[in-house]
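Working from the sequences, and respecting the hints, build out all of it.
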Amino acid sequence: MSDQYESVIGLEVHVQLKTESKIFCSCPAQFGAEPNQNTCPVCLGLPGSLPVLNERALELAMKVGLALGCRISDRIKFDRKNYFYPDLPKAYQISQYDMPVSSKGHLAIELKSDAGTLAEKRIGITRAHLEEDAGKLLHEGVRDGSWVDYNRAGIPLLEIVSEPDLRSPEEAFQYLVSLKAILQYLGVSDCNMEEGSLRCDANVSIRQKGAAPFGTKVEIKNMNSFRAVHKAIAYEIKRQSEALETGTRIVQETRLWNESKGETFTMRSKEEAHDYRYFPEPDLVPFSVSSDQIEALRKSLPELPQARFERFRKQYGISDYDAYVLVAEKALADYFEACTREGANPKLASNWIQSELLALINLKKHSIKNLPNLPPKHLAGLIRLIENGTISGKIAKDVIVEMYDTKKSAEEIVKEKGLIQVTDTKLLEEVADRVIQANPKVAAEVRSGKAQAIGFLVGQVMKETQGKANPKMINEILTKKITSQK
Amino acid sequence: MLQKINIDQIAELARLNLKPAERDKLAKDLEGILAYVSQLQELSADKVPPTSHVLPIENVFRKDFAKLSDIREAVLKHAPKCEGKFFKVPKVIEGA
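The listed protein sequences derive, respectively, from chains X and C.
Under my numbering, the residue at position 428 of the first sequence is numbered 428, and the numbers go up by one with no gaps.
Under my numbering, the residue at position 60 of the second sequence is numbered 60, and the numbers go up by one with no gaps.
A partial selection of chain C residues facing chain X, derived with a Cβ cut-off under 7 Å: (1) His53; (2) Ile57; (3) Glu58; (4) Asn59; (5) Phe61; (6) Arg62; (7) Asp64; (8) Lys67; (9) Ser69; (10) Arg72; (11) Lys85; (12) Phe86; (13) Phe87; (14) Lys88; (15) Val92.
Please keep in mind that the hints were generated in silico from the structure rather than gathered at the bench.
Note that beta-carbon positions come from the ideal geometry of N, C-alpha and C, so glycine has one too.
Here is the structure:
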């Protein structure tokens with residue numbers, strides 16, 4: 001985007017709340033049941049049935065509101081949003097219009113500067129309201145029609161609407177990371193975008209930098225990962241900037257993201273303008289929450305990501321960025337803390353988790369949430385061996401793979417395979433002599449001042465000792481020997 | 001002071017195909033209802049909080065307890081169209 005424009009982005013996130021049953025009936029809310037198995041007269045909209053609010057759904061919604069610094073409404077009511085589409089059997093969705101569960105909060109996001117430092121930015125939260133999810137339509141492979149599965153109809157959804165405070169795809173991405181972290185810490189949702197328990201729509205417009213009025217806004221849907229949200233917004237900003245530059249009119253519309261083509265396209269819209277004709281849901285009574293209840297709920301909130309981030313920086317002496325990365329994923333931060341409780345050096349634990357361990361988990365497509373192959377105690381054990389010099393970092397990289405595959409502890413593997421680091425100076429000096437003799441040219445280069453050439457010789461010694469030598473010691477021995485041969 | 005009812009738009013939103021006679025009658029009825037209700041405009045309601053429900057009941061909850069209703073087969077039998085365990089509707093694809 002050229003420098004003269006700035007983008008204005010607001011996000012609408014729909015998150016399924018983790019309840020046992022649906023929001024207005026007793027059908028199970030779990031994912032993956034047989035089609036239409038979790039349905040009943042209420043969520044199928046059969047005549048004579050009445051919805052009754054799930055107490056837990058409201059409680060979880062209020063917890064999210066509190067964690068986002070929102071004001072919890074003392075009066076809450078539900079409204080009907082009327083539209084005809086077969087994903088809702090009643091021809092309306094029970095949602096909230098003018099009296100949502102909570103409003104006027106904010107979410108802090110951390111943005112990484114070019115220099116690598118983190119800066120906080122506050123994004124306003126307009127509101128968070130409860131509604132029922134819709135059913136699922138299946139088109140593929142269906143002849144002359146579409147199939148409908150109403151298992152999802154009536155799952156409690158919380159729609160979290162941000163202010164148009166985001167200014168770049170990266171800010172939108174970080175907003176989602178931070179929001180997901182809060183939801184996970186609260187334990188209110190699985191936040192699984194692939195299974196649809198977290199969905200995100202983006203409103204994007206661009207305007208002259210610093211200009212007060214907003215440009216025409218376009219809504220983008222159909223992104224199924226945080227990366228896709230990032231890419232779709234970047235694409236849309238570019239498309240709108242080009243339109244402005246060529247004098248093409250930007251139409252207010254809904255566009256869908258096509259992941260394989262990497263572009264957005266106009267969603268074929270129904271002819272009549274949307275008119276949802278909201279009105280108060282007559283089948284549900286209003287709700288009121290006392291300030292005592294709200295305070296009790298506030299006290300029940302767990303430590304949230306921002307507080308944990310501050311604590312990590314102070315308590316463990318790790319960098320802001322490392323603390324941020326660990327804290328953003330609750331399971332990762334839990335694993336890290338478990339390692340330190342087992343006596344691991346925090347800095348080393350942070351490094352090993354973020355590099356080797358995450359690489360292994362990604363490779364095996366496992367999850368940090370459930371890691372029987374490598375309990376924190378085992379990683380702490382490995383780190384102890386590195387710290388006290390028993391094995392080199394290089395050997396440790398092989399050991400961690402073996403630990404993962406065999407579920408054995410680092411001590412066991414090191415003992416079995418005889419991997420203990422060679423710190424025997426006499427032995428190392430012998431090997432160093434052999435290596436220098438075999439590579440006179442390289443030795444000469446080192447002597448003539450080309451210091452980095454020593455790396456090759458260190459590598460040769462490592463090779464001869466099967467990686468068991470202490471690299472720092474080899475370096476010192478080689479340097480001493482070569483320079484004394486002048 | 002009453003705006004005229006746009007009966008065609010209302011019918012379309014409600015997915016009703018009205019015959020001309022029905023259309024005229026309904027438009028007249030609705031206008032009559034609006035005129036009747038508009039008498040309220042004469043009163044000052046500035047200090048009256050909006051009422052969304054007429055009964056003085058609030059906070060009716062159910063516990064979060066899951067139970068299968070097991071009505072799928074019975075309901076599918078009565079659906080206009082079904083295939084396997086799915087309901088079937090005319091093809092609807094938004095955006096394709």
